[in-house]
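From first to last, the protein sequence lines are chains A and B.
Sequential numbering from 13 applies to the first sequence in the working numbering.
Sequential numbering from 4 applies to the second sequence in the working numbering.
Warning: the hint list may mix true and false statements.
Said to hold, decoys possible - Away from chain B, derived, C-beta distances all over 10 Å, residues of chain A:
#, residue
1, Gly53
2, Gly211
3, Asp271
Claimed, not checked - Sample of chain A residues at the chain B side, in silico, Cβ under 7 Å:
#, residue
4, Ala43
5, Gly178
6, Leu208
7, Thr218
8, Gln220
9, Ala222
10, Asp240
11, Gln258
12, Gly261
13, Trp262
14, Trp335
To be verified - Here are the in silico distance ranges between beta carbons for each label pair:
#, chain 1, residue 1, chain 2, residue 2, range
15, B, Glu10, A, Asn360, 45 to 55 Å
16, B, Gly133, A, Thr218, 18 to 28 Å
17, B, Ile109, A, Gly272, 49 to 59 Å
18, A, Glu289, B, Trp8, 24 to 34 Å
19, A, Asp370, B, Ala118, 38 to 48 Å
20, B, Glu10, A, Leu127, 46 to 56 Å
21, B, Ser130, A, Gly312, 46 to 56 Å
22, B, Met210, A, Gly192, 40 to 50 Å
23, A, Asp247, B, Ala118, 38 to 48 Å
24, A, Asp247, B, Pro48, 30 to 40 Å
25, A, Glu296, B, Trp8, 29 to 39 Å
26, A, Gly192, B, Phe11, 31 to 41 Å
27, A, Gly312, B, Leu152, 51 to 61 Å
28, B, Ser130, A, Asp370, 43 to 53 Å
None of these hints come from the bench; they were simulated from the model.
For every residue, glycine included, the Cβ atom is placed at its ideal position computed from N, Cα and C.
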Amino acid sequence: MKVLKKKWGFLPTIVIAMLFMTSCSGSAPSASWPELTVAGGTVYAALTDGRVHALDADTGSEKWVFPAEVSKPSGLLGCSAPKATEGPIYAAPAVSDDLVYVGSYNSTLYALNTLAGVKQWEFSTGDRIVAAPVVVGNTVYLASADQHVYALDAATGTERWRFSAGNWVWASPLVDQDSGAMYVATMGHKVYRVRLSDGTQEWEFTTQGAIAAAPALAGDLLIFGSFDGHVYAVDASTGEERWTFQTGGWVWGTPLAVDGVVYVGSQDRKVYALDVESGTKLWEFQANGAVRDTLAYGEGTLYVGSEDKMVYALDAQTGKPKWTFTAEGSILSPLALTEKALYVVTTNGQVYALDPVDGGQLWHYPPAEEKK
Amino acid sequence: MGQLWNEFFIQPMIYASLWLYQLLGHNFALAITVLTIAVRLLTLPLTLPAQKSAKKQQELQPKIQALQKKYAKDKERQSQELMKLYKEEGINPMGGCLPLLIQLPIIMAFYQSIAKVLADTPLALYSLAGFVAGNTAMTSLIPLSSKFLWLNLARPDPRYVLPILVVFTSWLQQKIMSPGASTDPQAASMNQTMQVTMPLMFGFLTMQWPSGLAIYFVVTNIVSIIIQVVIDMQGGKSFRDVLQNLWPQAASGKRAQVKGRKKKK
């Protein structure tokens with residue numbers, strides 16, 4: 013007995029160490045940045061807690077949260093952080109009629125009703141959903157890191173067809189009903205044009221880097237950025253290259269094409285205004301941090317969010333700043349602009365509604381007393 | 004400080020792993036294996052003195068304990084005698100520490116670079132951009148193909164094969180590097196605790212870490228074991244002696260059996 017005690021006397025140490033490690037390993041770090049969508053007087057924000065918060069667009073007051081429940085603290089000592097029961101959600105929700113569609117890192121797309129955030133149906137893919145779904149007519153187009161883009165019935169979630177992209181798809185597909193085509197950008201360095209009716213590939217275009225954001229259409233040109241630092245303009249119907257423009261960093265955002273000008277941000281901390289026909293640089297603006305997918309345009313003003321925590325309102329003609337706003341966190345997510353407000357979400361999950369004219373803060377979520 | 008660390012340690016490691024990935028047919032598991040072996044061989048001049056010093060100190064344990072016992076009441080004399088012994092045997096008691104401390108940043112940087120390169124979430128990839136964005140050749144390799152056998156190298160092993168291998172190789176490495184039972188029962192008990200607890204803890208952590216990091220752990224353990232066996236054999240031990248240190252009871256039992264058979268004859 014004494015020998016046994018001596019030999020296995022260290023067992024309690026192991027058990028205590030294991031208990032501590034299983035219980036206090038802490039919550040997993042955020043895998044992505046929060047994103048938001050504004051529709052029908054509601055801001056739908058997928059925040060750092062991995063949940064969708066529906067906020068009143070005028071006041072910022074909370075309407076509902078999905079999932080409403082989070083799991084109880086886990087671990088034998090009960091000190092792990094609570095987790096969202098439906099998997100973390102970071103991609104911007106998509107809204108159509110009375111449904112809001114949210115893609116989760118647990119590989120599932122949820123369709124919720126807009127009124128209370130109650131789940132109507134769900135659709136499972138084979139891997140994480142990084143990109144925001146796109147709703148056109150009665151179809152939801154869903155990109156997944158399982159290398160597929162799915163076309164689903166918007167009302168029921170029934171799969172109509174799927175397109176195999178051969179690599180992760182982190183960008184929302186661009187759907188052009190006029191030409192009956194969908195454009196899919198992949199992390200495998202390719203952009204595909206796919207027939208909307210049945211998901212058949214029409215052409216592909218290869219770059220030297222991953223493409224993580226959706227392309228944009230400007231007339232007959234398809235414009236997109238790549239991690240190889242280039243902005244590409246290709247003929248949308250044939251996939252032939254028309255021009256390229258080189259930036260000094262990864263281009264990880266959807267270009268914004270307005271009135272013959274393409275605006276694009278780069279991780280080289282710059283925003284470029286390019287002539288849409290030739291790709292010639294019209295002006296550039298230097299921020300203090302990287303500019304990801306964070307551009308919005310309205311009334312002759314280009315709004316730019318940056319990793320440096322600033323929102324810049326620039327004169328779209330000249331690139332000269334009109335006003336700036338400093339947030340509490342970096343801005344890596346697309347801005348949303350309505351007639352009333354410019355909505356901004358930061359990497360630490362703060363949502364701001366700003367006056368588009370002068371950058372004055374209209375409201376902030378979560379309210380000061382809720383902040384940890 | 005953080006910028007210097009990234010520039011002089013992390014970035015070269017990231018470039019080296021990506022270069023190997025390209026060279027080895029876009030197989031990152033192979034790239035990790037080759038780079039781990041290369042890093043261990045490059046740091047060998049720093050590792051060897053430490054391992055040799057530790058080994059010699061273990062061999063001197065009986066003499067050290069005798070001196071400690073003899074001069075238990077006179078600490079000053081005890082320390083003088085111990086220093087004298089170290090000098091006679093050509094051991095620097097601190098000699099093992101410095102080389103290990105020097106190689107620590109290299110190992111840490113290697114570990115961190117693997118974790119960064121295996122980025123498979125938007126935030127992780129965004130962080131990697133800071134290291135490779137200026138290099139078109141490196142950028143063109145992103146994102147890496149992280150499939151290897153049944154593994155996704157960026158995520159934990161779903162079949163728990165790698166955690167088991169990490170536990171076994173960590174245990175074997177510790178066992179082989181601290182042969183010979185200490186005469187001090189307290190030290191022996193502590194040694195035994197460490198030999199079991201540490202591998203289990205590593206195994207548990209590996210269950211949550213990307214399997215690419217687990218491959219690094221397994222390979223680095225195997226390299227350490229091989230180095231130690233070579234050191235032991237250079238010191239005059241046969242391979243059988245090395246095994247005997249690992250499983251003394253089994254070895255002595257076998258010897259007893261052999262003796263028994265000889266007697267019968």
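Legend entry - Asp240/A as chain B interface residue, shortest Cβ-Cβ below 7 Å: At about 6 Å, which falls below the 7 Å cut-off, the nearest Cβ of chain B leaves the hint on Asp240/A intact, so it holds.
Legend entry - Distance restraint evaluation - Glu10/B, Leu127/A, Cβ atoms, bounds 46 to 56 Å: Hint holds: Cβ distance 53 Å, inside 46 to 56 Å.
Legend entry - Supplied contact hint for Ala222/A, tested at 7 Å Cβ to chain B: holds (6 Å)
Legend entry - Met210/B paired with Gly192/A, Cβ distance criterion 40 to 50 Å: With Cβ atoms ~49 Å apart, the hint holds.
Legend entry - Interface hint compliance - Gln258/A to chain B, C-beta minimum distance less than 7 Å: violated (10 Å)
Inset, instruction - Using the Cβ atoms, figure out if Glu296/A sits within 29 to 39 Å of Trp8/B. - result: Between Glu296/A and Trp8/B, where Cβ atoms are some 32 Å apart, the hint holds.
Inset, instruction - Using Cβ atoms only, decide whether Ala43/A comes closer than 7 Å to chain B, and label the hint accordingly. - result: Ala43/A check passes; min Cβ-Cβ to chain B is 4 Å, inside 7 Å.
Legend entry - Assessment of proposed distance window 38 to 48 Å (beta carbons of Asp247/A, Ala118/B): Because 41 Å falls inside the window, the suggested range holds.
Inset, instruction - Classify the hint on Gly178/A as holds or violated, based on whether any CB of chain B lies nearer than 7 Å to its CB. - result: Where the cut-off is 7 Å and the nearest Cβ of chain B is about 11 Å from Gly178/A, the hint is violated.
Inset, instruction - Look at the Cβ atoms of Gly133/B and Thr218/A and judge whether their distance stays inside 18 to 28 Å. - result: holds (25 Å)
Inset, instruction - Return holds or violated for the Cβ distance of Gly312/A and Leu152/B against the range 51 to 61 Å. - result: Since the Cβ atoms of Gly312/A and Leu152/B sit about 57 Å apart, the hinted range of 51 to 61 Å holds.
Inset, instruction - With chain B as the partner, please determine if Gln220/A meets the hint condition of a C-beta pair closer than 7 Å. - result: holds (5 Å)
The earlier numbered hints that this structure contradicts are 5, 6, 7, 11, 14, 15, 18, 21, 24, 26, 28.
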